[in-house]
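Visitor: Work out the full structure, taking the sequences as your base and the hints as a guide.
As they're listed, the protein sequences go chains D and Z.
For the first sequence, position 68 (counting from the first letter as 1) is numbered 68 according to this note's numbering, and the numbering increases by one without interruption.
Every position in the second sequence, counted from 1, becomes a number in this note's numbering once 507 is added.
In case anyone wonders, no lab produced these hints; they're calculated from the structure.
These numbers come from a predicted model, not from an experiment.
By construction, the Cβ of each residue, glycine as well, lies at the ideal position given by its N, Cα and C atoms.
Be aware that one or more of the hints could be misleading.
[Stated by the list, open to error] Some residues of chain D that are not near chain Z, with every Cβ distance over 10 Å (derived): (1) G152; (2) H160; (3) G286; (4) E295; (5) K296; (6) R298; (7) D347; (8) Y397; (9) N455; (10) E475.
[As the list claims (entries may be wrong)] Among the chain Z residues that face chain D by a calculated CB cut under 7 Å, a handful are: (11) Q533; (12) T561; (13) A640.
Next come the chains, spelled out residue by residue.
There are 2 protein chains.
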Amino acid sequence: MGFYTAKKIDLEAGEYTIIMNKKDAQELGLRSQSRVKVTNDGDSATAIVEISETMVKSGEVGVLHHISRCVAAHDGDELKIVPTGKPGSIDHIREKLEGRELSEHAIKEIITDITEHRLSDIELSAYVSGVYAHGMNLRETKDLTLAMIETGDRIEFDKHPVFDHHSVGGVPGNKITLLIVPIVAAAGLMIPKTSSRAISSAGGTADIFEVLADVTLNLSEIKKIAEEIGGTIAWGGAVNLAPSDDLIIRAEYPLRIDPYSQVLASVLSKKKATGAEYLVMDIPVGPHTKVHDLEKGRKYARDFMALGEEIGIKVRCALSYGGQPIGEAVGPAVEAREAMAALEGKDVPNSLIEKSTELAGMILEQGGIAEGRGKEEAKKLLSSGKALDKMKEIIQYQRGDPDITSDEIDIGTHTYEILAVEEGYVGEINNHGIIEIVRAAGAPYHKGSGIILNNKRGDKVETDEVLFTIYSDNEKKLEEAVKLARHLNPLSIEGMILEKHPDYRTV
Amino acid sequence: MGFYTAKKIDLEAGEYTIIMNKKDAQELGLRSQSRVKVTNDGDSATAIVEISETMVKSGEVGVLHHISRCVAAHDGDELKIVPTGKPGSIDHIREKLEGRELSEHAIKEIITDITEHRLSDIELSAYVSGVYAHGMNLRETKDLTLAMIETGDRIEFDKHPVFDHHSVGGVPGNKITLLIVPIVAAAGLMIPKTSSRAISSAGGTADIFEVLADVTLNLSEIKKIAEEIGGTIAWGGAVNLAPSDDLIIRAEYPLRIDPYSQVLASVLSKKKATGAEYLVMDIPVGPHTKVHDLEKGRKYARDFMALGEEIGIKVRCALSYGGQPIGEAVGPAVEAREAMAALEGKDVPNSLIEKSTELAGMILEQGGIAEGRGKEEAKKLLSSGKALDKMKEIIQYQRGDPDITSDEIDIGTHTYEILAVEEGYVGEINNHGIIEIVRAAGAPYHKGSGIILNNKRGDKVETDEVLFTIYSDNEKKLEEAVKLARHLNPLSIEGMILEKHPDYRTV
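Guide: Set out below in structure tokens:
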């Protein structure tokens, strides 16, 4: 134990870190990654130690952003530093690595320690690795989901029932939420949708809707808007719903792993925390999406429904075609434009209308509206303009311009057309390739950057016909995107005859 | 890609990190933990990105210690930053997490990326977790060991054969290397021993021998001393032998996991890199050591021998009694004193003499000296004073005082005697408890801090008889150690009759 003079260091490391001088650290028996309790005038926090020989002098302690906020430290404050043991959850993480089933108590301890930032990156990664290596059974997954809910905020609605929708993701151009929410709300049901920003995609629903309105809402705004007009589309990251989820994703993302039970818990904990009682899930299936085949899709569907039942959400799932982008637009602004065009009754690709009304229809049926003919009812709400009216209302409540039309949405002014090098039919479309090109063009940060597909799977194209057009807000980024497009070649052109049998070479 | 002005930040984070302004990071499509290539005037390095809104301005890049050294960056240099993909080894780490066998190529890629600091803490931890969760077979372990050797320096001796010794550790007071090396060298065999400092123990062999001599030797010093006088005891951390090992331990330590095949590879890679051709392993077995039972000890022995055969080291193993400390001294200076006393022929505990001569004798037999009566030969070298003469030579070659005697070694001046509260027999001794008390007293940083056991297992003690004495260089630390000793009670006192049967309560 000792007292050290605070020296603030304005660095947002992922971990909650303090910097100690090497000599002081040795004196206290601390090494890199040791843990201490930092106290300043009554406020305490757990911190992870890094060692420096020059950044702080002996007698000083370097306090990074997170910790200085937790203990309200100012330069010159005398901070008490006491070495502490490791959090108990490390023993449970080791149990999971050894393939053992975790108790309810163990899971709660892990999630609490994650939420309170008591685990280092090394420990957090070991947790994610353990769940990926050995999985969790339904009982563990239920306890995980409940622990993730309990360690965050919740919305308590005064109106019921609460409907919700979620897509597992992985298919580009999936702007369906911008149609589903106004359709469902126009039917008189309440759907307070929270959405994410892009992590590895070209644009999350929050990025897309932000083109039209403010998505940074607090909990009481979400509640108020949903209860008053039935629908809202908010950015989930602005509210503290199941906050452990984002912290866990921080470790999953660099490893490119999605531990199965963590995915289930991640989705349903956020939905339960926003008050959902009914939920329709979209599970896109395709070789270039997250779910590669129908068998895996069916397993997800079964497990989402089973977990939903455990925690009190009635879940229905749709396995959808994920073989190519939905609609023709990929990227925040072009997707917002396509969604608005659909609501305005303009000519948009059938895939967008079919998928959106199918899923919206499932929600209408869950709500007891239009038994057995939900999709027709959803289409009626769309074609009658009622969904568009509701969308304008949502945009207005979220501080956007309710009179905006699809034509008025700004998209990237730098464009480049990628042409077919030979005639044939569009075969395989590589979703990942499309996403990478759109990101290279600047999305999701540059909202105007994106792709419009001029041809899709099965279309006949002539030599030099436009396959797709790249849009960007920035000329240099456009160049990078074009270079990448030539390299990745995301739309393959095939002759209509793929093989002939018997093949004379083998006979 | 872009150019940014370097701002040096003197922080020794474990990861190779740069700090970017949030705006610049978004522009480049980077997030926390993204990876970039940093180039300064021809020098390049891979770095991991952390984001700050205040620490660096837009246009600046914060360069931490490691990276500024790699690319020779000074404040104001223009650094080129290019986002790069993830290292290929991340795919292999995921394969291991999925329980798959890794190819030779995959293992090499992982170890190279670790050695080159291309993996973040999150990724490194996932590797360690994967090996812990799913293990490695002999083929993988061999490739791992070879990759760990190849990514570091090696000593090429002109004299042969090269003998070596290693203890798996976990038992306190294990100062046997200070007897084994001079005995073996006195017999005319060459034993260039590298040792570690304490990680979780009260003092590694390097910490202990540093009381008597300089242990920070470079590779050519180790070679020269061993070839000239037969023996040396050097700190392995000062040389670049299998450097991935220390980096991997950085992730194992906080998780308190020792993946089995990683332990095998860790030991034998260092031994092979120092040129060992013959190796005698000490595997202490006991409930409070690393190896809990004979069965596990035998498995280690078999696997060390099998792996040794694969990489060209003839390994022999001894399972030793690890139920209590070796000798009576625990802590750097008191252990150095006890070892010197043994070499001087003074009265020291039998356990130290027996264990040291048994293991030294195994090496003598490997060397073709004293077939079948190695232990007797070792005892003769000890009692004749030849081992002491050799020790003085080693101390002199390593810049210590060759005339020092055991009585002249400084030990902690602040002492406290822990008394028996009742009469009885010393039963179980908790090794971990002993180590924690010695560390609380200031070891290994304070070299004079330690414990002398006045009684050991099976000894009869009277009420108020001294059980053990705590030594410290620092009065406050002594107080903390005493408090801990009262709490942990590491020596239990039992009546000689433990149970009586039949127990009338159950009959």
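Visitor: Does each hint fit the structure? Answer for all of them.
Guide: Here is how each hint holds up against the structure:
no., hint, in the structure
1, G152, "21 Å, holds"
2, H160, "38 Å, holds"
3, G286, "21 Å, holds"
4, E295, "18 Å, holds"
5, K296, "15 Å, holds"
6, R298, "21 Å, holds"
7, D347, "33 Å, holds"
8, Y397, "28 Å, holds"
9, N455, "27 Å, holds"
10, E475, "14 Å, holds"
11, Q533, "5 Å, holds"
12, T561, "4 Å, holds"
13, A640, "4 Å, holds"
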